[in-house]
Amino acid sequence: MIHYIVRRLLLAVPTVLGVCLVTFLLFNVFASPEAVARKQLGKNPTPAQVKAWVTAHGMDKPMFFNLNPGKDGSIRPFDSRFWNHMTELLLFRFPESDYLHEKVIDLLKQKIVPSLTITVPAFLLSILVTLPIALLIAYYRGTYIDRLALLICVILMSIVILNYIIVGQYLLAVVFKYFPIYGYDFGVGAWKFLLLPVILAVASGLGGGVRFYRTVMLNEVRADYVRTAMAKGVSEEGVLFKHVLKNAMIPILTVTVLSIPFLITGSLLLEMYFGIPGMGNLMLNAINSHDYPVIRTLVYIYSLLYIAGSILTDISYTLVDPRVVFE
Amino acid sequence: MAESHLQIAIKRIKRDRLAVSGFCVICLFAFIAFLDSIPSPRRDVGGVQWTRTVLDALFQKEVEISYSPPMTMTGILNRTEFQLKSRHLLGTNNLGEDVLYNALKGVRTAFIIGIVPSVIAAFFAIILGLLAGYYGGWVDDIIQYIYQVLSSIPGILLLIAMLMVMERGLWQLCFALGVTSWVGLCRLIRGEALKVKSMEYIEAARALGASDLRLLFRHILPNVMYLVIIEITLDFSSLVMSEAVLTYIGIGVEPGTGSWGRMIMMADRELANSIWWNLTGASVFLFALVLAFNLFADALRDALDPRLREG
Amino acid sequence: MKSIFSQLQGGKGGLVNLSSMNFVDRKVKKILVLAVLFLMAFVPSCGNNPYPPESDKLIGYTALGEDPRTLDPAQSSDTTSAEILCQFYDSLYQNAYLDRPYGVVPALAANYPEKRIFYENVQEKGKTKELARMEYVFKLRDDIYFQDDPCFPGGKGRRVTANDVIYSIKRLADPAVRSTGYWLVAGKIKGINDFFNKAAATGKADYSLEIEGLKAINDRTLKIILTEPFPAFIYVMSMPYTAPVPREAVEYYNAPDREGFSRHPVGTGAYRLKSWKRQHRIIMERSPSFRKEYYPSTGAPGDRESGLLDDAGKQLPFLDEVWYTIISTGQPIWLLFLQGYLDASGVPQEQFDRVVTKNMELSNQFVKKGISLEIASDLDIYYLAFNMRDPILGKNKYLRQALSLSYDTDLYNQIFLNGRAINAQGPLPPGVFGYDPKLKNPSKTRDLVKAKELMAKAGYPGGMDAKTGRQLELVYDIGSDSTRAREVATFDMRCFEQLGIKMKLQVNTWSQHLERSHKGTFQMFSLGWIADYPDPENFLQLLYGPNAPPNPNSSAFANPEYDRLYEKMKGMENTPEREAVIHRMVEIAIEECPWIFNVHSPSYVLRHSWNKNGKSHSISGNYRKYVRCDPEMRRAYRKAENKPNRAALFYAVALLLVLSAPAIVNKYVRRRK
Amino acid sequence: MEQVLKIEDLRTHFFTGEGVARAVDGVSVSVGKNRTLGLVGESGCGKSVTALSILRLIPSPPGKIVDGKITLSGKDILSLPEVEMRDIRGKLASMIFQEPMTSLNPVFTIGTQIIEAVRIHTDMGKAEAREIATEYLSKVGIPAPAESMSQYPHQLSGGMKQRVMIAMALCLKPALLIADEPTTALDVTIQAGILRLIKDLQAETGTAVLLITHDLGIIAEMADEVAVMYAGKVVESGPCNSIFSSFVHPYTEGLFKSLPSRTERRRKLYTISGTVPSALRFPPGCRFHTRCPLAIEKCKSEEPPLVDVDSGHRCACWVRAGGSA
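Residue numbers (our numbering), protein chains in the order written: chain A, 1 to 327; chain B, 1 to 311; chain C, 1 to 673; chain D, 1 to 325.
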């Protein structure tokens, strides 16, 4: 197994390099340094200031190879934007945020916990809620209950998440006053701020989730082994909850484990709407303030997580599917 | 053969009452988008350089001072031409703009956002997927590498990064959405092309001396087209919704383009003031189109996908 | 658990046939019951208070639109950063809290500065020129200490000296600091440009270099020499840019492994930073080393009546802590304010009609809640600029006046600003020295008859060019394609079309727009200006000839008399004489009509009854220390406004049960069969 | 003789969107203890549906047993509530399926699956059930049965899987074993072994066997009685010898003719012309008339009844067996 993981990690290296290259192209080739500088320097920057900013960020260096002699006359061909960018990312020497004047890595450390406090409960709760509902619907498959439930699922899916959030906040927090409208607290006090976002996150994913799980279940229900189990005298519920569920876990696991990296991404909208100071908010702020170093670093780190997540998915297959073995 | 498949598919869809009603709604919306795409034959008043369309001419209501509830009579700046009825059927927003008109203006944007990125994505996916599946070898390796890299970057971030470095705009958004979403389809097409490639009739055509290009586009492409069509219809809903969300968080279409996301963004604060019509107007339009497409796309997939047909 | 279970199943003929239930159902039902119980019992009791339980500290609750970009006073450019760091950093002077028109009073300085104009002979291109210089001498108070901080030996804040002020000003000219306030002193303080250039050339600023115009005579006395007379310089000395910062703190916190000086303010203000969680909350607490300062005992007319002078002579600050919750969207601010969790709020535009009546008073439902409304003039002017270099508009005063006369500011105000703005008569907004409340601009009373007469006088009777007989055509530029911009433009153009003129709209991107305005290829567009400091000079410079584009005089208005008066006014003190000069300048501007003066847009602030001593100020400053609060009133209000609605929850659960009825019925039917 | 299974006029219909498919439309057969009934017919003629109907495993909706009576060891199956039906499945009657590859649950071990079958119907503890499972695994000829218990289905070959299925089906000594094409998916070399196994175990336990197949060779080897089905109906039934020696129905004749003959190598293989009619639209009259070389006018309008042509040999045909009715 260790052998397998090592091999997968080695295979991921070219992908990581590719991600670095993509971010370089996006942020160095398509974006003009002067424009970025002006956005960061506020009202009335003097040209000298702009130039100083560009120099300080190394954005005046040549793109790929630096053939100009430096101050001491030596030529350092790899002191270029491309190579600096690559070493910065690959060696985890993350830059400072242009807007917040703080190390991106420090920002991440601050933001990750609030994001997780909302995405992890939402993630677990939504599995806990959608899976049983999907099983129930699979139990009633073919009946009008199934058709009705499916229609409701499609309807729930067709409501944009904005509406869940806006109407949910309005009803539950503004009109009925069950929850705080906005805010967050670090530590245990956070729970009362998390309830509403978590409920809304679960609700907004309910339709799609139930439908997906139902499809997975029904694909399994049609399988031959189900008939065998029924012929053995296993009750329909037993078949559903034991035989079908364990088989259905395979596709479910793929989707679930792959979505784990996104737990760290946080929920952009929920964080923005409820004032949770997490990764989503960081990202939004970076967007609005054109904070390239933050976005660049986030793209890179999330890609690493995503790659790790996909390796994790493959490993987790072995837990539910005996047919999969490492080789 | 293909003909009869199509006929069977149509028959299957016709049987599904929900899908048929979904299709009708889509047609209605498409008609509105069409009206909003052809320039109005009428001349503008006062030489204002609006790029006016038939929809503008038909529905544009005058601007009021501020909010007015649904069914209010139009008022202060009396310009009585080109009005369907002299009422604000869905009221006006804080700028006094007619909500119904704004919502109708969102239809065309929704259709563009719903279709153009898919088409762009399909373009990339078809070309790269076919090449990878057909030629295999190093071509396949390179293309697989490209989409391996792209799919390793979480879509939303890649999208944000692209929109950050580009100017904001409807077409830029379409492009960014398209470029970030072709990987899945490409994978499917590659697999399908691999499968079709080894089939006997392709072998036969090759033996008859058909060129690679001809094989690719005359013989293999039609066999993977159903995947493309399914993908495009299935993606429509999520694209329309993502436009609303992206505009809401400030990286979607630029101001001045009709957009339900923008309407929702402007309206979300109004609920507390019991001004519900603006939010409701945008949301209902969005919901209706998305629901119609969801219902229709499901039926279409069930009807077209041979894998499901046999199952 | 079991008892609840059976209760829920009901007695006779319960919803479900219990005997036939198997293990799966039981599990599902258990989860359902748990969920319902959770909803019923737990949710309403969690309460909607967004703050931790209150202690006996007196806390003020405020909202902030975004994180401050920086807490380094040399870098602040946005109002959000300024709002926060002004509380930490006092400058030599501060904006007078209650006085209107705006003025400054000493803060760290012991008194107003001594000023002197002297002349100096300068060699320029071989010729000797005599130039006027201005010398300021500032005296610092004796009891000013930096806030206690680990960067000082023993953690005790040291006394502030004149050298600290010099250090702070030098920082503005250090390219590495990336100061956004350098332009305020660049070219003004003698020798500061040399300092900047040297630093830029070597890549590192040498703070031991002397700047000619900056001298510490002794620990308490500071001399500044300006390259020209500029009385408004006292405003520069009241801005946070020039607030003294301790060199120890800069060096200590900018060490590689520390979080940076921009995150760790060490100043002399009434408050110091207690905690700052990004995108969440900034908490500031009373600084124990704050100097003895007292609430002002004089104010603007009406302040005594409205109770703003009740606390006169009391020691500042009043609040133990101020909590700034960062809320990026407007709606939560408004809702939290209504729930009593914020002490003050603006009036959101979409709420305006509901909050403010047609007579510009607070509507009854808010008055009943004890909320009060303050309408404060912001120092701004919105206007339509004509291009004075344009061959048609630039040469034709009557045409410009006619256009001005045809413009309906009142209707504009109604449509686009809920009628909240003030009809501008001239370039100066209320609250600025030299503003004349009695001023009546003859071209600002909408009068189409008169406008048409002027059109004839201008050579365009009925909008037709008298010479060529062709209809006059004018181009209106907008710099954005937003709906709003188009709406406004359409409105403006409709006004002018009534004179028979043909209007064309030119839609630009912002960069195109700037280019057109720099090249002077436009004819008219609308603009706004918000003051940097409360001196009329800041507004009147917008029409000063040498300030033509790319500088802020977008109209490229050039009038020799105006320019001469401007140069004179710039160096004058706020005397009646200066006022007369300003009035004359305004008169010229009105007569020549390079702009259509549109509106001044005031700000509307709502305050709860417990929020005492609130008064809005257009320019950022250290105002938190004046604010007082009555916690009892606040507690009572919050309690009354935040009762959760339990009935709705009950109905929701009932609805859920009804929705799940088909499944239960179906199950029952199946069993029977 | 004691009848273990007696099916009378069974009708199982499927109610689909396109109409009612009468997959089984009036089938009556019976099997006695220790006997084997072979059910023969082309695919789609309703054999499997009949089998599934016995265990009431018809997917419902859309399927439904609309009429008929099934008696299994004296119990009226169709009137039992679902809960009691569960006790019958696997205990009184068990079933093995065509696809051994997919019929076992891939994510459980073989042991788990057999033990589950045992424990559902008995009060045995885990250890006891394991013993029985191991015993039966060795009985069906699995080498190293104890080790195989912890193996997963994918680790076994197709033949082994089918043996596991048989072990699972017989471990509770059911009165009836339904074998639905048990060897179709297997290699020819393995087929004989599986069939032998079924026969051996039948001899040991006295189980009645309902063998469903389209392979007349297997019938010849295994069955005591034969019923030939066409389009949801039994067209000919009787003792194996009688049918093989003197088939009456033209359809049966067609089936036999289409067997590759050992004696006449040169002759072209016979095929029954036309295709099986869709269950949605059975032709009126005799359902075989559209393909029958002997069809007369009467066949097109009236349905032939099943009549005795020999002792216990019954046939439904107007032409060959019609005169007497």
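Think of the hints as simulated: they come from the structure by calculation, not from any bench. A virtual CB, placed ideally from N, CA and C, is assigned to each residue, including glycine. Fair warning: there could be bad hints in the mix.
Claimed, not checked - Derived, one-sided and incomplete: chain B residues facing chain C with beta-carbon distance under 10 Å:
id, residue
1, E97
2, I251
3, M266
4, E270
5, N273
6, A288
7, D298
8, D302
Unchecked claim - If the Cβ cut is set under 10 Å, some of the chain C residues that face chain A in the computed set are:
id, residue
9, G47
10, A312
11, K314
12, L338
13, Y341
14, L659
As the list claims (entries may be wrong) - In silico lysine-lysine, BS3-like type, Cα no more than 25 Å apart, as pairs:
id, chain 1, residue 1, chain 2, residue 2
15, A, K177, C, K397
16, C, K504, C, K395
17, A, K51, C, K277
18, C, K292, C, K397
19, C, K274, A, K103
20, A, K61, C, K368
21, C, K368, A, K177
22, C, K277, A, K103
Hint-by-hint comparison with the structure:
1. E97: With Cβ-Cβ at 7 Å, under 10 Å, it holds.
2. I251: Cβ of I251 (chain B) sits 15 Å from chain C, so the hint is violated.
3. M266: 8 Å, holds
4. E270: 5 Å, holds
5. N273: 5 Å, holds
6. A288: 23 Å, violated
7. D298: With a minimum Cβ separation of about 22 Å from chain C (threshold 10 Å), the hint on D298 (chain B) is violated.
8. D302: 25 Å, violated
9. G47: 7 Å, holds
10. A312: 36 Å, violated
11. K314: 32 Å, violated
12. L338: 9 Å, holds
13. Y341: 8 Å, holds
14. L659: 9 Å, holds
15. A:K177 - C:K397: The hint is violated at about 61 Å.
16. C:K504 - C:K395: Holds, at roughly 20 Å.
17. A:K51 - C:K277: Outside the cut-off at roughly 32 Å; violated.
18. C:K292 - C:K397: 57 Å, violated
19. C:K274 - A:K103: Judged against 25 Å, a Cα distance of about 21 Å means the pair holds.
20. A:K61 - C:K368: 64 Å, violated
21. C:K368 - A:K177: 21 Å, holds
22. C:K277 - A:K103: 15 Å, holds
Figure legend: structure checked against the earlier numbered hints; hints not met, in rising order: 2, 6, 7, 8, 10, 11, 15, 17, 18, 20.
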